[in-house]
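J.: Note that the protein sequences, when read in sequence, are chains P and Z.
Numbering follows full-length UniProt numbering, with no gaps: position 454 of the first sequence is 454.
Numbering follows full-length UniProt numbering, with no gaps: position 11 of the second sequence is 11.
The set of hints was computed from the structure by calculation and includes no laboratory data.
Heads up, a few of these hints could be off.
Stated by the list, open to error - Taking CB as the label site, the calculated pair distances span:
{"no.": "1", "chain 1": "Z", "residue 1": "N27", "chain 2": "P", "residue 2": "H487", "range": "36 to 46 Å"}
{"no.": "2", "chain 1": "Z", "residue 1": "C92", "chain 2": "P", "residue 2": "R79", "range": "47 to 57 Å"}
{"no.": "3", "chain 1": "Z", "residue 1": "T91", "chain 2": "P", "residue 2": "S530", "range": "34 to 44 Å"}
Said to hold, decoys possible - Per the computed footprint, the stretches of chain P lying under chain Z, defined by three or more beta-carbons under 8 Å from a beta-carbon of chain Z, are:
{"no.": "4", "stretch": "32 to 43"}
{"no.": "5", "stretch": "102 to 114"}
{"no.": "6", "stretch": "403 to 409"}
Stated by the list, open to error - Below, simulated DMTMM-like cross-link-like pairs (lysine to aspartate or glutamate); rule was C-alpha separation at most 25 Å, straight line:
{"no.": "7", "chain 1": "Z", "residue 1": "K36", "chain 2": "P", "residue 2": "D411"}
{"no.": "8", "chain 1": "P", "residue 1": "K241", "chain 2": "P", "residue 2": "D599"}
{"no.": "9", "chain 1": "P", "residue 1": "K354", "chain 2": "Z", "residue 2": "D97"}
{"no.": "10", "chain 1": "P", "residue 1": "K276", "chain 2": "P", "residue 2": "E253"}
{"no.": "11", "chain 1": "P", "residue 1": "K276", "chain 2": "P", "residue 2": "D305"}
{"no.": "12", "chain 1": "P", "residue 1": "K633", "chain 2": "P", "residue 2": "E226"}
{"no.": "13", "chain 1": "Z", "residue 1": "K20", "chain 2": "P", "residue 2": "D492"}
{"no.": "14", "chain 1": "P", "residue 1": "K354", "chain 2": "Z", "residue 2": "D102"}
{"no.": "15", "chain 1": "P", "residue 1": "K361", "chain 2": "Z", "residue 2": "D97"}
{"no.": "16", "chain 1": "P", "residue 1": "K149", "chain 2": "P", "residue 2": "D139"}
{"no.": "17", "chain 1": "Z", "residue 1": "K174", "chain 2": "Z", "residue 2": "E160"}
{"no.": "18", "chain 1": "P", "residue 1": "K276", "chain 2": "P", "residue 2": "E357"}
{"no.": "19", "chain 1": "P", "residue 1": "K520", "chain 2": "P", "residue 2": "D328"}
{"no.": "20", "chain 1": "P", "residue 1": "K122", "chain 2": "P", "residue 2": "D139"}
{"no.": "21", "chain 1": "Z", "residue 1": "K36", "chain 2": "Z", "residue 2": "E79"}
C-beta atoms are modelled at their ideal positions from N, C-alpha and C, and glycine is treated no differently.
Listed below are the residues making up each chain.
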Amino acid sequence: MAEDKYKEARIGVFLCHCGTNIAGTIDIDAVREYAKTIPNVVVVDNYAYMCSTPGQNKIADAIKEQNLTGIVVAACTPRLHEPTFRNATAAGGLNPFRFEMANIRDQNSWVHMHQPEEATEKAKDAVRIAVAKASLLEDLIPKSVPVEKTAMVVGGGVGGMQAALDLADAGIKTYLVEKSPTIGGRMSQLDKTFPTLDCSQCILTPKMVDVYRNKNIELLTYTEVEAVEGYIGNFDVTLRKKARGVLTPAEAEARGIVGGGCTGCGDCAEVCPVIKPNPFELGMAPRKAIYIYHPQVSPLIYTVDFDSCVKCGLCVESCGDKKAIDLDAKDELITVKVGTAILALGYDIYPIEKKFEWGYKNYDNVITSLEFERLICASGPTGGHLIRPSDGETPKRIAFVLCAGSRDNTDTGKPYCSRFCCMYSLKHAHQIIEKIPGAVPYIFYMDIRSFGKMYEEFYYRIQNEGAKFIRGRVANITEDPVTKNLHVNAEDTLLGRPIDMEVDMVVLAAAIQPSAETEKTRRLFGVSCSQDGWLLEAHPKLNPCGTTTAGVYLAGVCQGPKDIPDTVAQAEGAASAASIPIHKGEVELEPYFAVCLEDKCAGCGMCVYQCPYSALSLVEKDGRTVMHVTEAKCKGCGTCGGFCPGGAIWMQHFASPQIVAQIDAFLLGGEQ
Amino acid sequence: MAVKKDYKDQKLAEKLRDRKYYIPDSNPEFLKEVEKIGQTPAHMCYQCGTCTGSCPSAPRSSYRIRLFMRKAVLGLEEEALTDPDLWLCTTCYSCTDRCPRDLAPTDAIMAMRNLAFKRDIVPRNFLQTVQLIYKSGHGVPNNDANRAARKKLGLDEEPETTHKYPEYLPGIQKILDHYKLKENADRILAEGA
Numbered sequence: 001m002a003e004d005k006y007k008e009a010r011i012g013v014f015l016c017h018c019g020t021n022i023a024g025t026i027d028i029d030a031v032r033e034y035a036k037t038i039p040n041v042v043v044v045d046n047y048a049y050m051c052s053t054p055g056q057n058k059i060a061d062a063i064k065e066q067n068l069t070g071i072v073v074a075a076c077t078p079r080l081h082e083p084t085f086r087n088a089t090a091a092g093g094l095n096p097f098r099f100e101m102a103n104i105r106d107q108n109s110w111v112h113m114h115q116p117e118e119a120t121e122k123a124k125d126a127v128r129i130a131v132a133k134a135s136l137l138e139d140l141i142p143k144s145v146p147v148e149k150t151a152m153v154v155g156g157g158v159g160g161m162q163a164a165l166d167l168a169d170a171g172i173k174t175y176l177v178e179k180s181p182t183i184g185g186r187m188s189q190l191d192k193t194f195p196t197l198d199c200s201q202c203i204l205t206p207k208m209v210d211v212y213r214n215k216n217i218e219l220l221t222y223t224e225v226e227a228v229e230g231y232i233g234n235f236d237v238t239l240r241k242k243a244r245g246v247l248t249p250a251e252a253e254a255r256g257i258v259g260g261g262c263t264g265c266g267d268c269a270e271v272c273p274v275i276k277p278n279p280f281e282l283g284m285a286p287r288k289a290i291y292i293y294h295p296q297v298s299p300l301i302y303t304v305d306f307d308s309c310v311k312c313g314l315c316v317e318s319c320g321d322k323k324a325i326d327l328d329a330k331d332e333l334i335t336v337k338v339g340t341a342i343l344a345l346g347y348d349i350y351p352i353e354k355k356f357e358w359g360y361k362n363y364d365n366v367i368t369s370l371e372f373e374r375l376i377c378a379s380g381p382t383g384g385h386l387i388r389p390s391d392g393e394t395p396k397r398i399a400f401v402l403c404a405g406s407r408d409n410t411d412t413g414k415p416y417c418s419r420f421c422c423m424y425s426l427k428h429a430h431q432i433i434e435k436i437p438g439a440v441p442y443i444f445y446m447d448i449r450s451f452g453k454m455y456e457e458f459y460y461r462i463q464n465e466g467a468k469f470i471r472g473r474v475a476n477i478t479e480d481p482v483t484k485n486l487h488v489n490a491e492d493t494l495l496g497r498p499i500d501m502e503v504d505m506v507v508l509a510a511a512i513q514p515s516a517e518t519e520k521t522r523r524l525f526g527v528s529c530s531q532d533g534w535l536l537e538a539h540p541k542l543n544p545c546g547t548t549t550a551g552v553y554l555a556g557v558c559q560g561p562k563d564i565p566d567t568v569a570q571a572e573g574a575a576s577a578a579s580i581p582i583h584k585g586e587v588e589l590e591p592y593f594a595v596c597l598e599d600k601c602a603g604c605g606m607c608v609y610q611c612p613y614s615a616l617s618l619v620e621k622d623g624r625t626v627m628h629v630t631e632a633k634c635k636g637c638g639t640c641g642g643f644c645p646g647g648a649i650w651m652q653h654f655a656s657p658q659i660v661a662q663i664d665a666f667l668l669g670g671e672q
Numbered sequence: 001m002a003v004k005k006d007y008k009d010q011k012l013a014e015k016l017r018d019r020k021y022y023i024p025d026s027n028p029e030f031l032k033e034v035e036k037i038g039q040t041p042a043h044m045c046y047q048c049g050t051c052t053g054s055c056p057s058a059p060r061s062s063y064r065i066r067l068f069m070r071k072a073v074l075g076l077e078e079e080a081l082t083d084p085d086l087w088l089c090t091t092c093y094s095c096t097d098r099c100p101r102d103l104a105p106t107d108a109i110m111a112m113r114n115l116a117f118k119r120d121i122v123p124r125n126f127l128q129t130v131q132l133i134y135k136s137g138h139g140v141p142n143n144d145a146n147r148a149a150r151k152k153l154g155l156d157e158e159p160e161t162t163h164k165y166p167e168y169l170p171g172i173q174k175i176l177d178h179y180k181l182k183e184n185a186d187r188i189l190a191e192g193a
């Protein structure tokens, strides 16, 4: 295919100094003189920064003046500047895929900083190999595929809601998928938010209503992602609508029950005989087997917990003519097509009972911060009266344990900072000072990390209000078996003295970890995670919302611990990123897909089973069975190309002759 | 190095002594040795105080294990090795169990004790314990009160140790001789007398 092209190949080689990054180690002049001797090379040039405008102009000008057929730039890494130099190649009038990069910085000058001579020899090898490939490169035309004009957001917390609202407001039909019966997420469990002390529900509920009412949002609560197929622009997502047992007014109408469906009246829960702990209240309040989490749920539709329902039928009776309850409901699978997706999977509280020295779940009056939020919340199980679980008394001396499980390198902790515990613990200190006369909060801390806007000022305010700060991590907690008071043992490191402080209650600012569903869901969408389980962004600084899977974006804590302002900001960023391909209407795919050489293909079909992306199939063509590639699905992995017994599969841009030429150039040292 | 000040009154001189920490006061080799002997990356200590908070010795003494970790990190060899508090660790390992940086402060203390012993800095009672072990196989040998208590509990008067089997004592003595522990203890005690 490329024999004739090889003879007429005219290659330009451009060496980048990258300031002193490359030139400080590699002898650029030696590489330049060497490059001139490589077959097919007609022009060699070098410049301080090839990526700069003058550097790029050198490439474009040389193509025109020397009638070049291929470009080699020896510089940093294709990850960084392949797009730059492809553009420069195109500017010179050449197909951009006739560009090949030799990595002489990240994989050479940086790692061999102290071996300049060997590094220079390695750079010569890299250039020779790149020229060998560039001599055989062909014109390639990227494929465009249309993008489905719908999006999906997985997770209905504040991040997911914001992303869905933004997408919907931008005119994009958006599916908002939430596993629990209501949207709202963690934020709806909080009482107040730092540092402004807004009531969390008060600022969240309007958003929940907006989501429910928005015509562009299809809200799918009590629903989980079951399977994902496809690629950017064309994802087929299978969803499991878990059996809710209660019909919405719309669903009731579809069944011919006019004026029926759940109105949220609650008559059913009143008669239900089954009592279970309410997970929304962290088990501190009861719910029935037919339930809502709290009065402000959205949608206001009851849910039957079929694991505990005894099917006595009392609820069906009390529902009457509305006929909203169907105790024979089954899970339902639906498939929707979306162009892009945003994961906003949230977090769980680390099971802090693993730190047995602090006695959580062993001592009654040791609680977590989230339990504190419910106890101090006016709509919580105690009507906002903070009480000791052991005796219902009001605690006066309350210790807050910061970094409980965070910044901990043992196997019973998390190495990262959970980022919002310092601030909410300050808020908790404020709340008890405000609500309980004479109460004193003792905050055991290592560092107070008040990094956000108005956060340090909030710290100042709480200290001024009378909170006591003790710089020392809590070593252990013991319980007085009679009074159920707690003894907090620590060192006041600023006094250099151990302390044993008797308090009425201890609040552990427990670490957070990825939510239970994160691992399963990220695998469905093909998103990577870092060592600690948080989902991996495409670039930590320059692409914090994207992932390495095109068309899938991240919002909120699932990408790493962050507070509400940061979550909302990232959600808006993710929504913006996810709307771009949809508004463009089509996405360009790198033309690195397999091509069937039909005259060689025997139609054996072995490749069809090899393909990990289901991109291949057998078709009838001119009376013969040949293989067909669905280009949009092909990722160019080369599995089929390497396998094909007849050599009938041509991997564009990574074809066998090109790779063989690279190997020859390396092994034969240029003596072809 | 600390500036020398000459006061006639020794008490005043001590009171006004320059207590600043200077770079030349630090011996970076000290940290390396502590980490090598103790097999724990002491320089990763972030001074949270969990160790001292866990320490059964700290509430009853001036021993602060966190400060010893700090002195190791800063290379304050003289200060650490000459501090009598170094010998107040009970080696209960509570600090090691709870250290959030997964360090072993106890092992760092043991390393510093080894380094101190090399310089003959060791309290007399420790040396006397060495002599007792050499003599009886026990740091705290059995006595009449113990024997009576054991009898009351229905136990043999002597425990299942060298007290009951003195024929194993030479083996213990051989180990102590190999490390010249008895020899050094005798020598230091004699010199100090």
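J.: Does each hint hold? Answer for all of them.
T.: Do the hints match the structure? See the list:
| no. | hint | result |
| --- | --- | --- |
| 1 | Z:N27 / P:H487: 36 to 46 Å | holds, 40 Å |
| 2 | Z:C92 / P:R79: 47 to 57 Å | holds, 52 Å |
| 3 | Z:T91 / P:S530: 34 to 44 Å | holds, 38 Å |
| 4 | 32 to 43 | violated (count 0) |
| 5 | 102 to 114 | violated (count 0) |
| 6 | 403 to 409 | holds (count 4) |
| 7 | Z:K36 / P:D411 | holds, 23 Å |
| 8 | P:K241 / P:D599 | violated, 48 Å |
| 9 | P:K354 / Z:D97 | holds, 13 Å |
| 10 | P:K276 / P:E253 | violated, 31 Å |
| 11 | P:K276 / P:D305 | holds, 10 Å |
| 12 | P:K633 / P:E226 | holds, 20 Å |
| 13 | Z:K20 / P:D492 | holds, 23 Å |
| 14 | P:K354 / Z:D102 | holds, 15 Å |
| 15 | P:K361 / Z:D97 | holds, 20 Å |
| 16 | P:K149 / P:D139 | violated, 31 Å |
| 17 | Z:K174 / Z:E160 | holds, 20 Å |
| 18 | P:K276 / P:E357 | violated, 30 Å |
| 19 | P:K520 / P:D328 | violated, 28 Å |
| 20 | P:K122 / P:D139 | violated, 29 Å |
| 21 | Z:K36 / Z:E79 | holds, 20 Å |
Hint compliance for this structure: hints 4, 5, 8, 10, 16, 18, 19, 20 are broken, all remaining hints hold.
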